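**Student:** Line by line, the protein sequences are chains E and V. Quick note: the first sequence, position 34, residue 34 per our numbering, numbers continuous. Quick note: the second sequence, position 69, residue 69 per our numbering, numbers continuous.
It cannot be assumed that every hint is accurate.
[As the list claims (entries may be wrong)] One-sided excerpt, in silico: chain V residues whose CB lies under 7 Å from chain E: (1) G39; (2) N136; (3) T164; (4) P165; (5) G180; (6) T184; (7) N186; (8) Q258; (9) S309.
In case anyone wonders, no lab produced these hints; they're calculated from the structure. Note that the structure is predicted; figures quoted are calculated from it, not measured. Using N, Cα and C, we set each Cβ at its ideal position, and we do this for glycine too.
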Amino acid sequence: MRTPRWLLAVGVLAALAGSCKSKRQGITVGLYASMTGSTADFGISTRRGVELALEDLNAHGGLLGQRVRLVAEDTRGDASEATSAVTRLIDQEGAIGILGEVASGLSLSGGRVCQRRHIPMVSPSSTNPAVTQVGDHIFRVCFIDPFQGLVMANFASRTLRFTRVAILKDQGAPYSVGLAEAFRQSFTANGGSIVDEQAYRAGDTHFSAQLNAIMAHNPEAIFVPGYYTEVALIAREARGAGFQGRFLGGDGWSGPSLTTNDDDKLVGDYFSEGFAVDAATTPVARDFVRRYRERYHSDPSGLAALGYDAALVLFDGIRRAGTTDHAALRNALATTRNFVGATGSITLNEHRDAVKAAVILQVQANGFQYHSTVNP
Amino acid sequence: MTAPRAAPPGPKVAAAALGLLALWPLYRVALGAWRDWVGFLRNVLEGVSLGGVYALIALGYTMVYGVLGLINFAHSDVFMVGAYVGIFTAGFFGITASSQAGSSVAVTVACVAAAMVVCALLGMTLERLAYRPVRNAPKLTPLVTAIGVSMLLQNVAMLVFKSTPRGFPPTLRTASVHLGPVATTNIKLLDLGAAVALMVALTLLVQKTRVGRAMRAISTNLEAARLMGVPTDRVIAVTFGLGSALAGAGGILFGLDQPRIDPLTGVQPGLKAFVAAVLGGIGNIPGAMLGGLVIGLVEQLSAAYLSSSFAPAIVFAILVVVLLVRPQGLLGRVTREKV
Numbered sequence: 001m002r003t004p005r006w007l008l009a010v011g012v013l014a015a016l017a018g019s020c021k022s023k024r025q026g027i028t029v030g031l032y033a034s035m036t037g038s039t040a041d042f043g044i045s046t047r048r049g050v051e052l053a054l055e056d057l058n059a060h061g062g063l064l065g066q067r068v069r070l071v072a073e074d075t076r077g078d079a080s081e082a083t084s085a086v087t088r089l090i091d092q093e094g095a096i097g098i099l100g101e102v103a104s105g106l107s108l109s110g111g112r113v114c115q116r117r118h119i120p121m122v123s124p125s126s127t128n129p130a131v132t133q134v135g136d137h138i139f140r141v142c143f144i145d146p147f148q149g150l151v152m153a154n155f156a157s158r159t160l161r162f163t164r165v166a167i168l169k170d171q172g173a174p175y176s177v178g179l180a181e182a183f184r185q186s187f188t189a190n191g192g193s194i195v196d197e198q199a200y201r202a203g204d205t206h207f208s209a210q211l212n213a214i215m216a217h218n219p220e221a222i223f224v225p226g227y228y229t230e231v232a233l234i235a236r237e238a239r240g241a242g243f244q245g246r247f248l249g250g251d252g253w254s255g256p257s258l259t260t261n262d263d264d265k266l267v268g269d270y271f272s273e274g275f276a277v278d279a280a281t282t283p284v285a286r287d288f289v290r291r292y293r294e295r296y297h298s299d300p301s302g303l304a305a306l307g308y309d310a311a312l313v314l315f316d317g318i319r320r321a322g323t324t325d326h327a328a329l330r331n332a333l334a335t336t337r338n339f340v341g342a343t344g345s346i347t348l349n350e351h352r353d354a355v356k357a358a359v360i361l362q363v364q365a366n367g368f369q370y371h372s373t374v375n376p
Numbered sequence: 001m002t003a004p005r006a007a008p009p010g011p012k013v014a015a016a017a018l019g020l021l022a023l024w025p026l027y028r029v030a031l032g033a034w035r036d037w038v039g040f041l042r043n044v045l046e047g048v049s050l051g052g053v054y055a056l057i058a059l060g061y062t063m064v065y066g067v068l069g070l071i072n073f074a075h076s077d078v079f080m081v082g083a084y085v086g087i088f089t090a091g092f093f094g095i096t097a098s099s100q101a102g103s104s105v106a107v108t109v110a111c112v113a114a115a116m117v118v119c120a121l122l123g124m125t126l127e128r129l130a131y132r133p134v135r136n137a138p139k140l141t142p143l144v145t146a147i148g149v150s151m152l153l154q155n156v157a158m159l160v161f162k163s164t165p166r167g168f169p170p171t172l173r174t175a176s177v178h179l180g181p182v183a184t185t186n187i188k189l190l191d192l193g194a195a196v197a198l199m200v201a202l203t204l205l206v207q208k209t210r211v212g213r214a215m216r217a218i219s220t221n222l223e224a225a226r227l228m229g230v231p232t233d234r235v236i237a238v239t240f241g242l243g244s245a246l247a248g249a250g251g252i253l254f255g256l257d258q259p260r261i262d263p264l265t266g267v268q269p270g271l272k273a274f275v276a277a278v279l280g281g282i283g284n285i286p287g288a289m290l291g292g293l294v295i296g297l298v299e300q301l302s303a304a305y306l307s308s309s310f311a312p313a314i315v316f317a318i319l320v321v322v323l324l325v326r327p328q329g330l331l332g333r334v335t336r337e338k339v
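Modelling step: build the complete structure from the supplied sequences, incorporating the hints.
**Tutor:** What follows is the structure, given as structure tokens:
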């Protein structure tokens with residue numbers, strides 16, 4: 001009995017290995033994002049945007065005369081999953097360009113793999129400055145946190161006329177820590193004071209200690225630069241404890257799940273984003289919104305729009321490089337100038353970051369409402 | 001630091017140094033309490049209510065350790081399954097996460113009952129399939145098995161329940177309750193009350209019933225108990241079942257207060273409950289209860305008055321200090337290792 005069994009195992013493995021190699025054809029592009037887990041909205045929205053761009057591309061003949069194939073890997077919001085997802089995309093699927101992640105901490109993990117393999121990566125929506133500092137193969141099509149922090153700080157002190165704000169950040173997420181620091185600097189430079197700064201960790205469900213401490217300082221607003229799952233829990237607990245002030249946040253709030261479920265805990269609160277349906281005035285943006293609605297029967301979030309743009313920028317780079325060679329593709333991406341995407345004109349600067357406007361959205365009972373646009 | 005340099009500092013010296021360091025947090029907490037004693041009482045109440053849930057989970061760790069000397073790492077995942085059973089039971093009665101908050105005591109009781117039954121069965125199944133075959137293997141084998149079972153449960157839960165967090169159905173309406181000047185919610189008081197009631201029931205069961213006596217006998221000496229005619233296999237299965245049922249109830253109490261459940265929900269509370277069991281003296285039932293309350297309080301107070309960034313580190317620092325001074329835990333007895 002024994003020998004045939006291990007022979008069978010070897011045979012199965014060999015068959016699996018064979019089947020992996022054999023389906024490579026055309027150009028392969030990889031996407032890694034959290035399609036499940038507590039940041040599932042991020043990956044699902046991004047993937048929809050990317051697929052919309054891809055379908056349009058293949059309907060018009062693909063790239064370099066070949067069809068483009070998208071392989072999407074789920075990171076489940078976990079940094080080590082991100083590393084192995086990107087490794088799989090490059091080593092097994094033969095991706096020549098990588099799209100992702102949304103969360104900066106995961107982009108840092110995946111980016112290191114891309115950089116070591118010299119495969120260009122375009123992050124749709126990771127805003128922490130360190131992401132593109134991983135190396136010269138890492139690009140992004142969104143603004144960075146120093147700008148986002150400035151936008152929300154100016155909004156808090158000039159538009160809302162707040163002078164006393166507390167911060168509650170996710171200390172395990174580079175995104176949250178960086179954005180909190182950017183907000184603190186800009187807000188204090190405006191003459192406001194940060195009355196308290198508390199921290200939580202992703203996965204926490206219990207925030208009463210932090211909120212009790214914050215509410216003892218009676219702030220006008222709490223800046224929560226976290227991801228939507230925890231933000232919703234924090235707001236719910238704070239409102240239950242009688243907090244009357246505003247909540248402010250960044251693009252990590254951008255998930256439909258922020259407002260589904262129960263109550264009106266965040267109605268009237270504000271966050272910054274890279275895209276708003278109501279502000280989509282350019283033909284490219286309007287065309288994107290129309291096609292997105294037709295395809296998915298819902299409004300695109302900022303993450304979907306940035307996923308769409310990240311894919312377009314990568315496709316444009318491949319087209320201009322005229323080859324799938326890594327170095328040529330990297331150089332083509334680095335010279336992306338005035339590329340018109342759904343989220344506006346994209347020019348990648350010497351740090352491989354896009355310099356773009358931010359929009360401020362207000363949470364409503366049934367979604368987000370456009371408030372204003374802030375140009376860099 | 002003026003610690004003596006000549007002799008290598010023994011554990012006693014290290015403990016004394018750490019004890020001096022512990023005065024600083026005590027001072028901070030006292031200062032905070034002096035400034036705002038209503039806020040302090042609120043934090044104490046929150047901490048005790050949280051500690052009640054930790055204690056319920058810790059009991060499962062400690063009971064299994066007591067009879068088998070096994071750390072059942074899958075216990076925290078049984079807790080997670082309990083929370084999911086609650087979601088499905090409430091769904092069966094038509095209450096989903098997006099329902100308006102109702103006030104159905106009957107459904108809540110049904111959720112607790114279903115979670116306890118399913119978790120008890122799950123615990124006994126795990127014991128039969130995973131732990132009994134390796135019971136007589138070297139100590140490391142069951143430990144590694146337990147870690148494997150824990151990962152298995154988490155990953156099966158990810159496949160079956162999907163890893164996107166789910167809201168816990170609002171079977172009870174959250175209402176503010178004022179205890180004198182301290183505002184809290186009915187849910188927190190219920191959590192605390194239910195945890196205490198279950199712990200009292202368990203203590204009675206272990207101290208006053210035949211099966212409880214059998215458990216204590218096995219915990220003293222498994223072989224001797226078997227030679228005296230105690231049906232050890234059955235009693236061990238019952239122990240797993242009881243501990244898992246408590247974890248299931250804990251899952252519901254946790255869900256009512258913190259309504260977001262995912263397949264890794266059990267990991268954090270499970271780890272803290274394990275710390276609670278060790279702190280109280282592993283294998284010791286009152287110790288697990290005390291340990292749970294201490295961990296809940298320490299976590300809440302250190303997050304509120306010291307630093308929310310370091311609250312988990314402080315919890316583990318306390319564990320280290322206590323174990324330096326009392327290696328057997330707060331209520332544990334010194335037992336000589338049988339060779």
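**Student:** The structure should be examined with respect to each hint, and the outcome stated for every one.
**Tutor:** Status of each hint after checking the structure:
1. The criterion of a C-beta within 7 Å of any C-beta in chain E is met by G39/V, whose closest approach is roughly 6 Å, and the hint holds.
2. The closest approach between the C-beta of N136/V and any C-beta of chain E is roughly 26 Å, which is over the 7 Å cut-off, so the hint fails.
3. With a least beta-carbon distance of about 4 Å to chain E, the hint placing T164/V at the interface is held under the 7 Å criterion.
4. The criterion of a C-beta within 7 Å of any C-beta in chain E is met by P165/V, whose closest approach is roughly 5 Å, and the hint holds.
5. The interface hint given for G180/V is violated, since its Cβ lies 17 Å from the closest Cβ of chain E, which is over the 7 Å cut-off.
6. Because the beta carbon of T184/V sits about 10 Å from the nearest beta carbon in chain E, more than 7 Å, this interface hint is broken.
7. A distance limit of 7 Å between C-beta atoms decides the matter here; for N186/V the minimum to chain E is near 12 Å, and the interface restraint is violated.
8. Of the supplied interface hints, the one on Q258/V holds, with its beta-carbon coming within about 4 Å of a beta-carbon of chain E, less than 7 Å.
9. Interface restraint check for S309/V: the shortest CB-CB distance to chain E comes to about 4 Å, inside 7 Å, so the restraint holds.
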